[in-house]
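J.: Sequence:
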Amino acid sequence: MKYSVRELAELTNSQFAGDAELVIENIAIDSRSIFSSEKTAFIAIRTARNSGEKFITDAVSKGIKVIISESLEIDNQDITWIKCNDAISFLRRLAIAHLNNFSRMTKIGITGSNGKTVVKEWLYQCLLPEFRTVKSPKSYNSQIGLPLSILLADAQHQLGIFEVGISQPGEMELQEEVLQPEIGVLTNVGFAHSSHFQSFEQHVEEKIKLFQNSKVIFYNGDDSRITAAVRGKFGRKKIISFGLSPQNDIYPIKAADETICIVINNFKVKLSLPICYKDDQFLCNVLIIAGILNYFNFSPEKISQKISQLRPIEMRMESVKGIRRNLIINDSYTLDRDSLSVAFQSLQEYQNENKILIISDFAEVQSPEKFYPEIVKLINAQSFSRIILVGEEFPKYQHGLIADSHSFPDTQALLQSGILTLISHSLILVKGARKFRMEDISKFLQLQKHDTVLEINLNSLLHNINRHRDFLRQETRLMAMVKANAYGVGSFEISEFLQHHHIDYLGVAFADEGAELRKKGITVPIMVMNPEQHSYGTVIDFGLEPEIYSFRVLELFSKALAEKGIQEAFPVHIKLETGMNRLGFEEKELMELAALLKTKNVVVKSIFSHFATADMPEESGFVHFQAKNFERMSAKLSEELGYRPMRHICNSAGISLFPEYQYDMARLGIGMYGISANRLLQNELQPVAAFKTVISQISVLKPGETVGYGRRYSAAKETRIATIPVGYADGIRRSLSGGKGSVSVGGKLCPIVGSVCMDMLMIDLGDAAAGEGDEVIIFHNEPSLQDFANYCDTIPYEVLTSISSRVKRIYIKD
Numbered sequence: 001m002k003y004s005v006r007e008l009a010e011l012t013n014s015q016f017a018g019d020a021e022l023v024i025e026n027i028a029i030d031s032r033s034i035f036s037s038e039k040t041a042f043i044a045i046r047t048a049r050n051s052g053e054k055f056i057t058d059a060v061s062k063g064i065k066v067i068i069s070e071s072l073e074i075d076n077q078d079i080t081w082i083k084c085n086d087a088i089s090f091l092r093r094l095a096i097a098h099l100n101n102f103s104r105m106t107k108i109g110i111t112g113s114n115g116k117t118v119v120k121e122w123l124y125q126c127l128l129p130e131f132r133t134v135k136s137p138k139s140y141n142s143q144i145g146l147p148l149s150i151l152l153a154d155a156q157h158q159l160g161i162f163e164v165g166i167s168q169p170g171e172m173e174l175q176e177e178v179l180q181p182e183i184g185v186l187t188n189v190g191f192a193h194s195s196h197f198q199s200f201e202q203h204v205e206e207k208i209k210l211f212q213n214s215k216v217i218f219y220n221g222d223d224s225r226i227t228a229a230v231r232g233k234f235g236r237k238k239i240i241s242f243g244l245s246p247q248n249d250i251y252p253i254k255a256a257d258e259t260i261c262i263v264i265n266n267f268k269v270k271l272s273l274p275i276c277y278k279d280d281q282f283l284c285n286v287l288i289i290a291g292i293l294n295y296f297n298f299s300p301e302k303i304s305q306k307i308s309q310l311r312p313i314e315m316r317m318e319s320v321k322g323i324r325r326n327l328i329i330n331d332s333y334t335l336d337r338d339s340l341s342v343a344f345q346s347l348q349e350y351q352n353e354n355k356i357l358i359i360s361d362f363a364e365v366q367s368p369e370k371f372y373p374e375i376v377k378l379i380n381a382q383s384f385s386r387i388i389l390v391g392e393e394f395p396k397y398q399h400g401l402i403a404d405s406h407s408f409p410d411t412q413a414l415l416q417s418g419i420l421t422l423i424s425h426s427l428i429l430v431k432g433a434r435k436f437r438m439e440d441i442s443k444f445l446q447l448q449k450h451d452t453v454l455e456i457n458l459n460s461l462l463h464n465i466n467r468h469r470d471f472l473r474q475e476t477r478l479m480a481m482v483k484a485n486a487y488g489v490g491s492f493e494i495s496e497f498l499q500h501h502h503i504d505y506l507g508v509a510f511a512d513e514g515a516e517l518r519k520k521g522i523t524v525p526i527m528v529m530n531p532e533q534h535s536y537g538t539v540i541d542f543g544l545e546p547e548i549y550s551f552r553v554l555e556l557f558s559k560a561l562a563e564k565g566i567q568e569a570f571p572v573h574i575k576l577e578t579g580m581n582r583l584g585f586e587e588k589e590l591m592e593l594a595a596l597l598k599t600k601n602v603v604v605k606s607i608f609s610h611f612a613t614a615d616m617p618e619e620s621g622f623v624h625f626q627a628k629n630f631e632r633m634s635a636k637l638s639e640e641l642g643y644r645p646m647r648h649i650c651n652s653a654g655i656s657l658f659p660e661y662q663y664d665m666a667r668l669g670i671g672m673y674g675i676s677a678n679r680l681l682q683n684e685l686q687p688v689a690a691f692k693t694v695i696s697q698i699s700v701l702k703p704g705e706t707v708g709y710g711r712r713y714s715a716a717k718e719t720r721i722a723t724i725p726v727g728y729a730d731g732i733r734r735s736l737s738g739g740k741g742s743v744s745v746g747g748k749l750c751p752i753v754g755s756v757c758m759d760m761l762m763i764d765l766g767d768a769a770a771g772e773g774d775e776v777i778i779f780h781n782e783p784s785l786q787d788f789a790n791y792c793d794t795i796p797y798e799v800l801t802s803i804s805s806r807v808k809r810i811y812i813k814d
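Note that the sequence shown covers residues 1 to 814 in full-length UniProt numbering.
These are calculated hints, taken from the structure and not from any lab test. As the structure is a prediction and not an experimental result, all values here were calculated from the model.
DSS-like cross-link-like pairs, simulated, lysine-lysine; straight-line CA separation at most 25 Å:
{"no.": "1", "residue 1": "Lys483", "residue 2": "Lys692"}
{"no.": "2", "residue 1": "Lys598", "residue 2": "Lys636"}
{"no.": "3", "residue 1": "Lys443", "residue 2": "Lys808"}
{"no.": "4", "residue 1": "Lys520", "residue 2": "Lys564"}
{"no.": "5", "residue 1": "Lys268", "residue 2": "Lys254"}
{"no.": "6", "residue 1": "Lys83", "residue 2": "Lys2"}
The following label-pair restraints were derived from C-beta to C-beta distances:
{"no.": "7", "residue 1": "Leu378", "residue 2": "Asn114", "range": "27 to 35 Å"}
{"no.": "8", "residue 1": "Ala48", "residue 2": "Gly565", "range": "42 to 50 Å"}
{"no.": "9", "residue 1": "Glu618", "residue 2": "Asp470", "range": "22 to 30 Å"}
{"no.": "10", "residue 1": "Arg32", "residue 2": "Lys628", "range": "34 to 42 Å"}
{"no.": "11", "residue 1": "Arg734", "residue 2": "Gln247", "range": "51 to 59 Å"}
{"no.": "12", "residue 1": "Phe267", "residue 2": "Glu10", "range": "47 to 55 Å"}
{"no.": "13", "residue 1": "Glu353", "residue 2": "Asn213", "range": "43 to 51 Å"}
{"no.": "14", "residue 1": "Glu10", "residue 2": "His502", "range": "32 to 40 Å"}
{"no.": "15", "residue 1": "Asn213", "residue 2": "Lys748", "range": "42 to 50 Å"}
{"no.": "16", "residue 1": "Gly170", "residue 2": "Phe622", "range": "39 to 47 Å"}
Quick reminder that beta carbons are idealized off the backbone N, C-alpha and C, glycines included.
Could you put together the complete structure from these sequences and hints?
T.: Here it is, written out as structure tokens:
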């Protein structure tokens, strides 16, 4: 994309004020993720929850000179404004006009419930050598993501591969108008998380609207409902079915040695897959690739070669603590311009300003003399303090880098150089093409080498937060509870992520927790739920906001303010006792409290209480009892104070089950991690924490042989026993011994046998296909965190907070 301001306005029927000849090559939609302001415009998008216009000032502070918004403001004479009626419509119109410039480019549109990204990336791998190809970055497929993806296309591209997603009826017509793909692909359709669709059939009908102008359509013929919908709507088009059954146009034949043949139009393509097909969905994705390659007239031999060379798709970015207090951002699975831009956007979330980039040569660059100087400009805009290059090609352009730079011919040379041991207190982004094995660098830099890890998916965390926000009014604030090390998953890492996504408040239990967050750059208001007497100085020094629950606490805190010489009113939060009988002021104390507060150097930021039974449907009557008490008491206190503080009483369960009591703010805790007392909501939440380890050793027991301390398990028959390196020192309760708990190996639940040891435990593999070094899931999807808590006869809170600090935390962004 390369347009002047005047051209952008003309193409989208918009107005502008300012420099008409400024050239724009990129559009930023999030002020937090602006990684380069050069030739970039910021578009202020309105959503149901927010308005991008609130962040125009932030965008301008980062060097943006062109603003696209629905209102025209000319306060800053250095800024050029483009006024549009609707920001999303602006993007859509621009994408349509942009595509009109490339009428010879063949467009592939991929939709479905899952598998879109894998199919897109595999097609890109297979078709790039023969066609100059553009694709959607990551999973950009929404009404915003699709136009942004299309704007990456230019005159050199012969083929465009784009994901297309929808979340509710009526969206696909708009998406189709933008893309109008010649080739349509429907990967599969699920209905588990389709709350906006009335039925599976409606969901399918909406999806296939993408293919209105397609010449050929690929769809899963194993599902009769999908087949009926596609044939009913597009029976006169060229439609090609794929699936596991032989009635499809494309289907597999599995041999005894686990090799497969793919049958396409009655001829066979023999495959030798380097990556074993894990499930039916995986195999269906392979069938789609084979079908499209056949459509492009690749020979059976070439199709087999292409598919045999497919690389697994890693769609995640990991952050993990490194040696010498470094933080490692491992995005070493893929490298192209788009993924590099996305990685640079993600760096904006982190507080550390000492940034280091370790990057390899790019793969399959057609014009290095044009490509690498552009990448150098992109890197120079990121303010890296040091850059380390790996490969033979990139170092030829090293002279253009502003930062201190070093180059090495390969990964091994870098590891042997010793330069990595000199880096400390830095944020290190590792980015590379797969052939360079850049993951070896990430492993070298990591702090802990324990095979047992707790992975925290930050995208899922954000999904769960937003799903809870759906129950709240736009003006209702949200406090995220990050006490107890954010329920065991990492207080600073979670708080930093939440701050980036504009959380209103953070809640901690003790002042020390809040102080640590402040020291690391967290500026969001932090409420201290249980400020201990000796910590009042810390509360004041670090600008924390204490809970006040008794006259004793109020007096002591007022005394601490006086001793510190604080002149302005200090923010506090008043806890009311409404029926939980734990902490808080009783109703009979409110008049005296109000009078006393007026004499103290404090301002009440909020009045709050806590539901005792919001997660117990059978006790809903007590919830209403508490809410009635809270309404009466908080109104009385506000009246006596003469001003209206915020009010809040809802916890995670209360947000979805009793949203009528959301007041001015709600507090979200365990709901962030995918646990809800609301059964309907539970189906739509995503698991955030994945507790994983590996198999250390597999032994075969003969009948009568025993396992572990106390010989508490005896094999009744020949049994395969796997030992895994996790035990009660890692947070696995010893009470799970003797088959009371299970873990997952290869998708099958395997019971824990014998006694759980301090550092290891044993499991019965049964008929699970497994080998030494294979992955073991302690909890994630199956068993889930709730399942594992049930094994332990406890609640998910206790399971998470019990996981030992020696278990390495890895933070994932898809």
